[in-house]
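Residue numbers (the numbering used here), protein chains in the order written: chain A, 62 to 509; chain B, 642 to 1124.
A portion of the hints provided could be inaccurate.
The list that follows gives simulated cross-link-like pairs (lysine-lysine, DSS-like), each with its CA atoms no further than 25 Å apart [as the list claims (entries may be wrong)]:
#: 1; chain 1: B; residue 1: K810; chain 2: B; residue 2: K705
#: 2; chain 1: B; residue 1: K798; chain 2: A; residue 2: K237
#: 3; chain 1: B; residue 1: K1091; chain 2: B; residue 2: K1004
#: 4; chain 1: B; residue 1: K986; chain 2: B; residue 2: K810
#: 5; chain 1: B; residue 1: K1105; chain 2: B; residue 2: K755
#: 6; chain 1: A; residue 1: K246; chain 2: B; residue 2: K1004
These are computed hints drawn from the structure, not numbers from a lab. Note that the structure is a prediction, hence the values are computed from the model and not measured.
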Amino acid sequence: MDNSLRILTVSHGHPDFNAGGAEIASYRLHEALKADGHASVYFARHGETDLIHGGTPFGGTGRPGEVLFYSTMPDWFRFSQPDKARVWRDFREFLSKQKPQVVHFHHYFQLGLELISEVRNFDPSIKIVVTLHEYMAICNNEGQMVKRVDDAKPTAQPMLCHESSPSSCSRCFANKTPQDFFLRKQFIQSHFDVVDQFIAPSHFLAKRYIDWGIKESRVTVIENLLDTEDESKQVNAEKGTIEKAIDTNDRLNLAFFGQINRFKGIDVLLKAMRLLSKQDREKINLSINGSGLEHQSQHFQQLVKKHFAALNGSVSLRGRYTSEELPSMMAATDWVIVPSVWWENSPVVILEAKKYGVPVICSDIGGMAEKITHGETGRHFSARREESLAEQILWALNNRAEQRVYASRISNSYSGRDPYHQHLELYQSLLRENDNAAVSHIHLAHSA
Amino acid sequence: MGSLNKKAYRRIKKLVGEQRSRRWNIAARRAAFRLKIRPSVKPKHVVHIAGQGVYVSGNIIDLKGKLTGLELLLDDGQCLDLMPNMVRFSSNTLFGISARGPNQLPAGFSVYAKYPKDGNTSCEPVGLRLRLRNGKVIDQKLTWTDSNNQPLQHVQKILAKVPAESDAKRDMFDTLFGPAVQAIWQSRDVQWPTVEEQHYNKQLAIAEPDVSIIVPIYGRYDFIEYQLSSFIRDPDMGRHELIYVIDDPRLLAEVRMSCDALSRIYPIPFRVLFLERNMGYAGANNIGVSHARGVNVLLLNSDVMPAAPGWLRLMLDTVGDSLATSITGARLLYEDSTVQHDGMKFFASPFMNDLWTNIHPGKGMPLDVFHDEASLVPREAVTGACLLMTRENYTSLQGLNEQYILGDFEDSDLCLAARRQGLTVQLAPAVQLFHLERLSQSLVAADRWKQEVTYFNCWQHHGKWHSDIVSMKQETQLEVAYG
């Protein structure tokens, strides 16, 4: 009997266009499934008008097993597909061609929640899996669960939000009423209702969604997949060279990886650096790897540039990087810093730090606190507080020998290929439910 | 400006330019003199309500108090005295100066005169007769518009005359505004419009539904999608039928396209009635029920969303055997889980000159302070936002009363009519739905004339049901005045 599965992996973007965490995680999973002999199709939404073929939303990337789907969504409030024919005609047509056994949504954003329901409408036996990548269904503020900052007060640090409710959400958005938020939640939950299993990459995120109203039994915690098979081998081979790199460096190398925006706490990090004495600062080399500053508010850009000027010599801004560059960049790093001022879920940078065996200094909240154990695989500081982060940087500076101990511990905590097997097990167990249902139908027929 | 003033103005204008200052003075004096000696009546808004009466509103310029009588001349030769029921208002006439005579009466007037009930019922007004102190009689022609030509605009114009705050407001409604507006509204064309029916996902519909759910739509129609996305997760909905009544001709094309798409995303059967003319809340519901096939009907607002699946089954089971002898409401909640509706009481409101109004005891209070004595509790009235009864009862009560303007009091009218027929009015507290009240209310601009429409509806409701309410209050020994 053929054990290979027909899987449809749906993503709101393709890593070719936008290398966000969810896009990368979904693409890796698709690649791993293919490598393992399963018939996986990667269904990625895009908004590139240049790539549209006349009269169809579909297109290709040139690689087998991948399909592009043009869709835009002007209304980000309730994630509804504005063009319903995309759902009942085009997406349905695709389902009838591919005939998947499992459809795994990595997002509904820019696609429309209706796609999820359409799978159920098309064929009730198809298993539907949805990975929750941030808190978008719960929070209209880009799914960050932080209070929205008044535009008139750009200097204010956004406050963390612990729970959504129609009235508290409407206070963040002056143009939306509590009733609007009530309808938003009802609409999202109605479409979520057909999902067989939700996947949360962190326990913290799972808890937030359970509090919001998803039944606990419907959420499974599985870490994002980072590795294809080949890469794991490569990492093991490279381990030796990474250690050598650390030996030859006399400065403490700190690094930030990721988008530069206010949620990622880059200002907290820069302020912490400024709190250090000049002598200490001279023993540190901080590199900021990432882009996106130009898309931030004028005020935020000025703030960051001001800090850069003051930290001249100890901070370098490196810009965007490719995944090929990452191993050597990680190899040159003693500590990765994750200073986010929002909860995070399962940051890709922490996963990568684990993979390359680099210990982490991070905020003590949400997904970061969950993925890094203080005193074991990294150091926690009080989120959003620069003096607390400065203290931890100082600790790393004064305890340089500890770095190796932490590095080996974090390396051991890496989940590697486990997430792939957990996903596969989940798919298979869901499909077994179908078989069981079919069997019980047969039994009923016999007894009748 | 009346014709006399225009004449004076023309003369002044003609003379301006030649020996301006002197002549101007003379002309102005002459004009003023002529005004002083001769009273004039300038009707501005005259509405003929066929077989009912006539409403006349305008200005009376009578600086010397010479006018002693004003009569309406009918085409059959009869005269109607307009003086007894006339209401005077201050009104800016004459170059912005309010004209007052020696009797200090303001210039503006409005009056409603009923045509004689006996004799010719198809009479029409032809003129006005002014009677002066010196015995002289002046007849003038009168032009009018028919009340059936844009009845709502006439109502709007008439109610704009209602003084903002007045102790005499209720009296003015008794003699003038009430009967005039009532006559216009009752004699408007109430022919049902052409109805186009679309049946979506018909193959999934059942032949004999338990309940026909009637949802009128006006203005916002995105609620249809919210309701469908809620109902589709409720297996019990398969036992009922869902009828949307699109009571907004502006939306027909949009809604038709939207419903086609929605029916493919949400595979549950629903019917949509497209009305080519706006009928108002009561009319839309009545048309909806006339298309219903269920044993029972449930009136439902579009902004009402069930709190849990199985709500309608629970409602039917709770009402049980009393279905045929009752009207039943549900407990409605705000989105913050406080109570939006737990039944209504009649209250003689001091803010409405002691007219009976509907109040909502318990509104806004958290659900956990309610302690329910039974699964069905008696109420004086329940809201039409969610109301269950048998179709037979609805039909024998002739449905919702279409004589209220723009949706008000129809539900309590229905409850009172039901009581008169011996039905029980009750509420099932365990049946809970969310009612996003603010969203639908904000669709109607909260301007002055809307307040007066409410007053009119209240006045009409009071006149019809006052004695019933008083005897009900006595029977049930509930307090007559609330609080």
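Hint compliance check: list the failing hint numbers for this structure, sorted ascending. 1, 2
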